[in-house]
Amino acid sequence: MKIVTWNINGVRARIGNLTHWLTESAPDIVCLQEIKTLDDQFPRAEIEALGYNVETNGQKSFNGVALLSKLPFDEVNRGLPGDDADDHARFIEGVFSTDKGALRVASLYLPNGNPVDDERKFSYKLAWMARLERWAIERLGLEEALVLAGDYNVIPEPADARFPENWVGDALFQPETRQAFRRLKNLGFTEAVRAVTDSSEVYTFWDYQAGAWQKNNGIRIDHLLLSPEAANRFSSASVEKHVRAWEKPSDHVPVAIDLSLRPA
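Position 1 (the sequence shown) corresponds to 1 in the UniProt record's numbering; numbering is contiguous.
Rather than coming from a laboratory, the hints here were simulated on the basis of the structure.
A couple of the hints might just be wrong.
Stated by the list, open to error - DSS-like, lysine-lysine: derived pairs with alpha carbons at most 30 Å apart: (1) K185 <-> K70; (2) K185 <-> K2; (3) K241 <-> K60; (4) K100 <-> K70; (5) K2 <-> K241; (6) K185 <-> K121; (7) K70 <-> K215; (8) K241 <-> K215; (9) K60 <-> K215; (10) K241 <-> K185; (11) K185 <-> K248; (12) K70 <-> K60; (13) K70 <-> K121; (14) K215 <-> K100; (15) K241 <-> K70; (16) K60 <-> K121; (17) K2 <-> K248; (18) K2 <-> K100.
What you are looking at is a predicted structure, and each value in this text was computed from that prediction instead of being measured.
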C-alpha cells in the first residue's frame, strides 16, 4: 500500500498537476496540505473520477488539509484536539480497514512559526506540537498501524538543509522546534525517510526565489512518522523529486512510503 504526503500549495491552482501525478504515481492514500480552499470548492469531481474517495478540512485562501483514498473511509476526524479556540484547518485523520487490521492516517500541516520574535506565532507553533504529542500518545495506545504524514515545518537536523547556516534564525530550525519533533519521534515512531537513508541533500522543499530549485538549495520538512505497528509493515520510502520540475509546481514534492498492507 502506497501512502504519500504532499503540500500541494493550492489545490485548485494545481489540479492539473495533481491529477497527472495521481495517474502516474498511483498512490493508495494521499495526504494533502495547504489546499487553500473551502470544502465545497475543493475539486472533488476530478479526483473522484480517478477512483479516489475524498475527505477535506478546508479553509478559505490558506491552510487546509485533505485525504484522498482508494480505500473507503471507516472514520474521519477533523481538527487536532486540545484547543477549542484554534480555528486553523491543519489536521484530518482517516481510518481504514486492511488485511492486518485498522490503518490510521493523519494529514498534518504544522504552523510555520515565523518570525521567531513574534511570540504569538512561535508560541502557537510550539503549542500545536505539544498538542500533537498528547494526541499521538493517546493514539499509540490503540496499538494500530498509524501514519502521521505532512508538512511539519521542521528541519530536524543540519543534514536536512543544503545551507543550514541560513536557517539558524528561522522557526523551522530553532532548538525548541527540533526538540519538540524529537520528543514526538521518541514516543516510538519511525521516521520513514531516515529509516532508509542517512544521505544529505534529500530535500522536499525548494523556495520559488533565487533559483533554489535549479541550485538544489532545498530543505527536508515533509515527514512521515510510523507507529511500531506501521513500521513492522514498512518496506520503502522515496521522494518524488521530479515533480518539482513540472510547469507551475508546488514548492514541495510528494514523499511516499510503501506498507505491506492490503485493503480488507
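Against the structure, the hints:
1. Between the alpha carbons of K185 and K70 the distance comes to roughly 28 Å, so the proposed pair stays at or under 30 Å and holds.
2. For the proposed pair K185 and K2, the alpha carbon gap of about 22 Å is at most 30 Å, so the pair holds.
3. Annotation: proposed proximity of K241 to K60 holds, straight-line Cα distance about 28 Å (limit 30 Å).
4. For a cut-off of 30 Å, the pair hint linking K100 to K70 stands: about 17 Å separates their Cα positions.
5. Pair hint K2 plus K241 holds up; C-alpha atoms about 16 Å apart against a cutoff of 30 Å.
6. A distance of roughly 23 Å separates the Cα atoms of K185 and K121; the hinted pair therefore holds under the 30 Å criterion.
7. For the proposed pair K70 and K215, the alpha carbon gap of about 36 Å is over 30 Å, so the pair is violated.
8. A C-alpha spacing of about 14 Å is found between K241 and K215, which places the hinted pair at or below 30 Å, so the restraint holds.
9. Restraint check for K60 and K215: not satisfied, since their Cα atoms lie roughly 33 Å apart, outside the 30 Å limit.
10. Proximity of K241 to K185 is assessed by CA-CA distance (about 25 Å); at most 30 Å being required, the pair is judged to hold.
11. Distance restraint check for K185 and K248: the Cα-Cα separation of roughly 34 Å exceeds the 30 Å cut-off, and the hinted pair is therefore not satisfied.
12. Restraint check for K70 and K60: the C-alpha separation of about 26 Å stays at or below 30 Å, so the hint holds.
13. Taking the CA atoms of K70 and K121, the gap is about 36 Å. The hint is violated against a cut of 30 Å.
14. A distance of roughly 44 Å separates the Cα atoms of K215 and K100; the hinted pair therefore is violated under the 30 Å criterion.
15. Restraint check for K241 and K70: the C-alpha separation of about 23 Å stays at or below 30 Å, so the hint holds.
16. The straight-line distance between the Cα atoms of K60 and K121 is roughly 20 Å, inside the 30 Å bound, and the hint therefore holds.
17. Between K2 and K248 the CA atoms are separated by roughly 25 Å; this keeps the pair inside 30 Å, and the hint holds.
18. With a C-alpha separation of about 15 Å, the suggested pair K2 and K100 falls inside the 30 Å cut-off, and the hint holds.
In this structure, the hints that do not hold are numbers 7, 9, 11, 13 and 14, in rising order.
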